[in-house]
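Engineer: Residue-level listing of the chains:
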Amino acid sequence: MRGDAGLSDRVHALALEYVAPAADEVDRDARFPKESIEALRSERLLSALVPANLGGGGARLSDIAAVVAELGRHCASTAMVFAMHQIQVACLVRHGDTAFLTDYVREEVVGGEALLASATTEVGIGGDVRSSSCAVEAGGGRFRLHKQAPVISYGQFADAILATARRCETSPPSDQVLVLCRRPHLSLEPISDWDTFGFRGTCSLGFELDADDVDDCILSDPYADISERTMLPVSHILWAHVWLGIADAAVSTARAHVRREARKKPGATPPAAVHLAELMAVYLPFRAVAEQVARHFDESEHGTDTLGSLAFAIECNSLKVAASTLVVDIVGRAMRICGMTGYREDSEFALGRLLRDAHGATLMVNNDRILANSAQMLLVAKEA
Amino acid sequence: MEQMIRQVLADYGRLPVDAMTLDVDADLYRCGLTSHASVNVMLALEDAFDVEFPQELLRKKTFESIFAIEQALSGLVTSDRVSSV
Ligand SMILES: Cc1cc2nc3c(=O)[nH]c(=O)nc-3n(C[C@H](O)[C@H](O)[C@H](O)COP(=O)(O)OP(=O)(O)OC[C@H]3O[C@@H](n4cnc5c(N)ncnc54)[C@H](O)[C@@H]3O)c2cc1C
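Quick note, the sequences are listed as chains A and B, same order. Residues 1 to 384 (the numbering used here) are what the first sequence spells out, left to right. Residues 1 to 85 (the numbering used here) are what the second sequence spells out, left to right.
Just so you know, the hints here were simulated from the structure itself, not pulled from any lab data. No residue lacks a Cβ here, since even glycine has one placed at the ideal position from N, Cα and C. It is possible that part of the hints are untrue.
Think about it this way: if two alpha-carbon atoms lie no more than 20 Å apart in a straight line, the pair counts; the simulated EDC-like pairs of lysine to aspartate or glutamate are [claimed, not checked]:
1. B:60 x A:383
2. A:382 x B:56
3. A:382 x B:46
4. B:61 x A:301
Each pair of labels, with its calculated beta carbon distance range [to be verified]:
5. A:301 x B:47: 35 to 41 Å
6. B:78 x A:51: 39 to 45 Å
7. A:210 x B:10: 35 to 41 Å
8. B:17 x A:371: 29 to 35 Å
9. A:97 x B:43: 31 to 37 Å
10. B:27 x A:99: 23 to 29 Å
11. B:56 x A:168: 29 to 35 Å
12. B:43 x A:144: 36 to 42 Å
13. A:98 x B:56: 28 to 34 Å
14. A:58 x B:27: 30 to 36 Å
Input sequences plus hints: build the corresponding full structure.
Structural biologist: Right, here's the structure in full:
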């Protein structure tokens, strides 16, 4: 990248020019934040995580996480789209080391700044992403896949979708592969709408997905490894930064409100100021942990193999559960501080959109599932 | 040792195939071993062989086949004997 400061300045400017002005309309109309994604594309940020030797920006995950948080301050839907795209990029560049997939990354992800989406959830399976019922049908150098996907964020706007499926028709549900489904060899038939409480701009409709393409599109690493080493840690880290962005916005709003109250009666500390102090005591540790786990990921790429370890998986799971719970708490506290002005939708201190978006956090891979998973690992994990 | 490993897999592996006749090199994950079940297999192995898997063996690879499990366990069983002398 052109240095961290350069990157965050560029993103800050882009967010003020494109992301913030559209945020309320994106939310109200549940429409795709196309101007924001176009702006990120023209700044070559969609390929920022691709290593420099493939022509990408060569950013670290913590740099990308900082971009996600900055976007999240202005529009959580834009931040979530960007985060989900980067999760798919991470899977491709870390697990697609064949000539075919490397060419795809160089030509389409970098050359075309392609937008990648994800279809892990499946109708009839619920939120258990480590289990599939659809299966890849392969033969003669080609494959076919049919998947009923209840939620594919920005599916209509994506250039390719990474989908999970059983390795072949005889494979058990847990023996999954990850398949790159590229346009135009991909068709999506909408089966459900996206009219939700929050993250409305992610346009996460349900689709019947059909793909028919060359079998080089099937990643060779088992999905179990991709999930453990990349998809889960990167998802939890980047999602946590979307929520951190929401928390940042709530904290800024609360601070501005308290400052305004203080100016009205200089000399007397406004009653809400103590709630702001309490809010900071919740917010600052949240920020510190989110940033720390991102750094651990970057360090483990070079140092010891912590990525496949139970300790790191428990760390990422705990980040997800903590961050998704804290973001709701933080917006709630900001609401108490701002009072009626935060409750109103037409005020400069409006917090409604932040609160609605915050509530999506516990559902994206349900916290109950994540806790059950950690509980299982804690039975055998030794202390680090 | 192999028979005991097979018995543990049969009891706790929740495999859709017969653990008693499985090839020693067969990839257990491809046979349907989930990460959830692998934790139970590990706990049952610790109990059956009276050993404890150290941190560095808590990896997917350790449980990828009957052979891999046997390799891991033989290291643990001998080192345990040595330390208890
Ligand atoms: C904004 C947003 C965007 C999304 N985008 C995508 C996308 O692009 N692609 C995609 O594939 N998916 C996407 N999803 C889906 C998401 O990742 C989850 O898979 C989905 O939200 C889970 O839905 P669920 O709560 O109905 O299912 P479940 O996880 O099955 O949960 C339903 C209920 O069952 C309980 N439960 C069930 N089983 C267990 C268990 N074993 N342990 C503990 N509790 C259990 C839970 O507590 C919960 O109350 C998105 C979701 C959101 C909110």
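Engineer: Does each hint hold? Answer for all of them.
Structural biologist: Hints versus structure:
1. B:60 x A:383: holds (18 Å)
2. A:382 x B:56: holds (10 Å)
3. A:382 x B:46: holds (14 Å)
4. B:61 x A:301: holds (19 Å)
5. A:301 x B:47: 35 to 41 Å: holds (36 Å)
6. B:78 x A:51: 39 to 45 Å: holds (43 Å)
7. A:210 x B:10: 35 to 41 Å: At roughly 39 Å between Cβ atoms, residue 10 (chain B) and residue 210 (chain A) fall inside 35 to 41 Å, so the hint holds.
8. B:17 x A:371: 29 to 35 Å: holds (31 Å)
9. A:97 x B:43: 31 to 37 Å: holds (35 Å)
10. B:27 x A:99: 23 to 29 Å: Holds, at about 25 Å.
11. B:56 x A:168: 29 to 35 Å: holds (33 Å)
12. B:43 x A:144: 36 to 42 Å: holds (40 Å)
13. A:98 x B:56: 28 to 34 Å: holds (30 Å)
14. A:58 x B:27: 30 to 36 Å: Distance hint for residue 58 (chain A), residue 27 (chain B) holds at roughly 35 Å.
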